[in-house]
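**Student:** What follows is each chain in one-letter form.
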Amino acid sequence: MSVLTTDTEAGTGAGPAPAPAAASRPTRLDLLVLPALIFFIAFAFIPMIGVLLLSFTDWDGISAISFAGFASWRQVFTDPGTYHALWLTLALMIVTWLVQTPISLLLGVFVAGHQRYRAALAVLYFLPLLLSSAAVAIAFKSLLDPNFGLAAGLHLPFLAQDWLGDPTLAFVTVVFVIAWQFIPFHTLIYQGGVRQIPVSMYEAAQIDGAGRIRQFFSITIPQLKYTIITSSTLMLVGSLTYFDLIFVLTGGGPGDATRILALDMYITGFKANQMGAASVIALILVVFGLALTLGIQRLGGTDRGASQMEGM
Amino acid sequence: MTSPITSRRSFLGLAAASTLGAFGLAACGTSGPAPSGGASGGGGGGTATMWALTGQPAEGIRKNAVEAFNKLGKGTITVTTFQNDPYKAKIRTAIGAGEAPTLIYGWGGGILKSYADADQVEDLTSWIEQTSGFKERFLPSTWGAATLGGKIFAVPIQSTQPVLMYYNKSLFEKAGAQPPTTWDDVMKLVEVFNGQGVAPFSLGGQSKWTSMMWLEYLLDRIGGPDVFDAIFANKADAWSDPAVLESCTKIQDLVKANGFIKGFSSIAADTNADQALLYTGKAAMMLHGSWAYGGMKDANPDFVANGLQVGNFPSVNGGKGDPANIVGNPANYFSISAKATDAEKEVAKAYLTDGLFTDAEVQAWIDAGQMPVAASASDKLAGTADATFLQLVFDLVSRAPNFQQSWDQALSPGQAETLLTNIDQLFLLKLSPEQFATAMNATIGK
Chain X
1 MSVLTTDTEA GTGAGPAPAP AAASRPTRLD LLVLPALIFF IAFAFIPMIG
51 VLLLSFTDWD GISAISFAGF ASWRQVFTDP GTYHALWLTL ALMIVTWLVQ
101 TPISLLLGVF VAGHQRYRAA LAVLYFLPLL LSSAAVAIAF KSLLDPNFGL
151 AAGLHLPFLA QDWLGDPTLA FVTVVFVIAW QFIPFHTLIY QGGVRQIPVS
201 MYEAAQIDGA GRIRQFFSIT IPQLKYTIIT SSTLMLVGSL TYFDLIFVLT
251 GGGPGDATRI LALDMYITGF KANQMGAASV IALILVVFGL ALTLGIQRLG
301 GTDRGASQME GM
Chain S
313 MTSPITSRRS FLGLAAASTL GAFGLAACGT SGPAPSGGAS GGGGGGTATM
363 WALTGQPAEG IRKNAVEAFN KLGKGTITVT TFQNDPYKAK IRTAIGAGEA
413 PTLIYGWGGG ILKSYADADQ VEDLTSWIEQ TSGFKERFLP STWGAATLGG
463 KIFAVPIQST QPVLMYYNKS LFEKAGAQPP TTWDDVMKLV EVFNGQGVAP
513 FSLGGQSKWT SMMWLEYLLD RIGGPDVFDA IFANKADAWS DPAVLESCTK
563 IQDLVKANGF IKGFSSIAAD TNADQALLYT GKAAMMLHGS WAYGGMKDAN
613 PDFVANGLQV GNFPSVNGGK GDPANIVGNP ANYFSISAKA TDAEKEVAKA
663 YLTDGLFTDA EVQAWIDAGQ MPVAASASDK LAGTADATFL QLVFDLVSRA
713 PNFQQSWDQA LSPGQAETLL TNIDQLFLLK LSPEQFATAM NATIGK
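As they're listed, the protein sequences go chains X and S. For what it's worth, the numbering used here labels the leading residue of the first sequence as 1, then goes sequentially. For what it's worth, the numbering used here labels the leading residue of the second sequence as 313, then goes sequentially.
Chain X on its own, in the form it takes in the complex (with noise of 0.2 Å):
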């Protein structure tokens, strides 16, 4: 047991940059990313290798496993859902991130203030994120119920719109209600950002004579470039897999109106009972996610480690 503590010292000591001491005991850093590795290998590797071989059979769910060779491909690359379903999920990933980061950053941004009442509005934003995405989506579609819902409680009939029911609207509105449920999780980041650029830079800033505004752009935006990748990277292949909330509040509809990838694979896999076709789906949002998280990890530079702090 000695030995493990002395390990996990090392270990989180390091950093970026190995401890001698570990360099010269390789065996003992192997060991502690044995946890790591058995969950990654028993419940995503290993899982996935058995999609990938399920993607050649024809199964229901209870009949024997039969070979179908490239059958549920073509299924599922002939069938124009599967583009909508695509088109959907990239208007969705773009879409929620042009309307949380904005708002997050600059809400960010106003509760890293050390004002009493600005933790106490931390607070408050921060309730949506203790919430369960079904429970989220229950509320909302009784909340958007056209008659029984907010619109009749509070007599406010512009408020009776179609919101789950028009193709364009339920967009929408599922946009809203991920902004809704997310913002305050990537506000916190922007906080956490937020507060740790030295005071001093502001002080200099405004030495220098720079204004509220062109502090936030020339500072607090430029420190905040890693930041902004991570929650970047956390929205973009986070929105691939939104699947319990959109299930709950549309069910992919109305028609195939929110029908995203996720969506379409557990409703192929689970109601349709195609494992096959399922399986394809989802080894296209594996190599979607995969590529999207490399993309995105390019967009920040390869030298993670490169001071921010020049000057200081």
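These aren't lab readings, by the way, just hints derived from the structure by calculation. All values reported here derive from a predicted model rather than from experimental measurement. Glycine is no exception: its CB is placed at the ideal position from the N, C-alpha and C atoms. Certain hints may be false.
Here are a few chain S residues that face chain X, going by a calculated C-beta distance under 10 Å [stated by the list, open to error]: (1) S519; (2) Q727; (3) L732.
Partial pick of chain X residues on the chain S-facing surface, computed with a CB cut under 8 Å [stated by the list, open to error]: (4) D256; (5) I267; (6) N273; (7) Q274.
The hints should help you fit chain S onto chain X, whose structure is shown.
**Tutor:** Showing chain S alone in chain X's frame:
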């Protein structure tokens, strides 16, 4: 990223170790559901398991009936209950993994067929024939959805649930109108109620199967049962039948004439908002399953007692279908798992003959306002709280020449899923009747 030195050998060793670990973890993951109230013992006979649904009144009635059976000394049945939607996924996984309960709760039709095709449920045909008088204990129209290719794979249970027309009487009186008997009446009433500022029909369109009920009835009235039989039999281009196209056109005419309440595709049936529209007087009519009666009775007993009128779907002029036909869920069903041991199967069969539809159970269903599928129920209706409604349901079901099972239950799960999405598009006017037919023809044989 600078990584610590890892020799290839140690990495391989690691990979091997973690694979073993993965198997260990996987083994931990396969625990079945814990049975509730697992009282063992009781009289002689073996044991069996049963999975059923939560939700009253069915859950309470089922548990009481099983308790009573367990006291007979013919075996002990343990009941585990699940919520409706999770159950549908769970039972499929359990059957696929060979861990099905002895008595499998189901809906008959397409899903039952997939079980039967995979040899997962017992063929009960000969057993039912040998058990004299057994088949006659049930309403005859309930056997259809349990019979596949002449073989019976399930026994009807619970209550029969035809789809009915519900009318708000006071709105009809205010408008000086009568409930519709033909489709022309329907279209006229749409104008009348729209003129009065009342929505003609309530519809929980977001749930999709609610919209499907309209198409089911229209197709039956216009083309008769043969049209859907051809679809069910997977005949090529069966959805292109002129009757399908006419039904779709009539639906879209109704949508265009504002026949359904504004924003109907935002309304979900699972919150019963569609029923609320009827009893709060915001809509004058509604097409819904017979369970809506119980739902509205819970929410607004006064309306159900004084303001509600119920009837069959109107006829369509020139249509081939018998206006006495009905659609809906003929019954729920119990199948016996083919993977169960002989002893378990014996207990399950003993339950079906001696534990199902005892006098107490039949009475409990009637008291709950539902029409049990037991033939003996008709004598017990008189004088009960919901006698009028139950008598109407009984008459409709027993006199109907054809009781069409809900399409999403009758078809294969893959077809049903595509059907629901396309019907939604049809109601949104995003698909023309021809496009609908083409899209559905593509599912034939899948």
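**Student:** Does the nearest C-beta of chain X fall within a distance shorter than 10 Å of the C-beta of L732/S?
**Tutor:** holds, 9 Å
**Student:** Hey, does the Q727/S contact hint survive, CB to chain X under 10 Å?
**Tutor:** holds, 8 Å
**Student:** Would you check whether I267/X satisfies its interface hint, that is, whether its CB is within less than 8 Å of any CB in chain S?
**Tutor:** Result: holds, 6 Å to nearest chain S Cβ.
**Student:** Against chain S, run the beta carbon of Q274/X and see if the smallest gap drops under 8 Å.
**Tutor:** With a closest approach of 6 Å, the Q274/X hint holds.
**Student:** Hint check: is the beta carbon of N273/X less than 8 Å from a beta carbon of chain S?
**Tutor:** holds, 5 Å
**Student:** Using 8 Å as the Cβ threshold, decide whether D256/X counts as touching chain S.
**Tutor:** Result: holds, 6 Å to nearest chain S Cβ.
**Student:** A closest beta-carbon separation below 10 Å is what the hint needs, so does S519/S meet it against chain X?
**Tutor:** Holds, about 8 Å.
Comparing the model with each numbered hint stated earlier shows that all of them hold.
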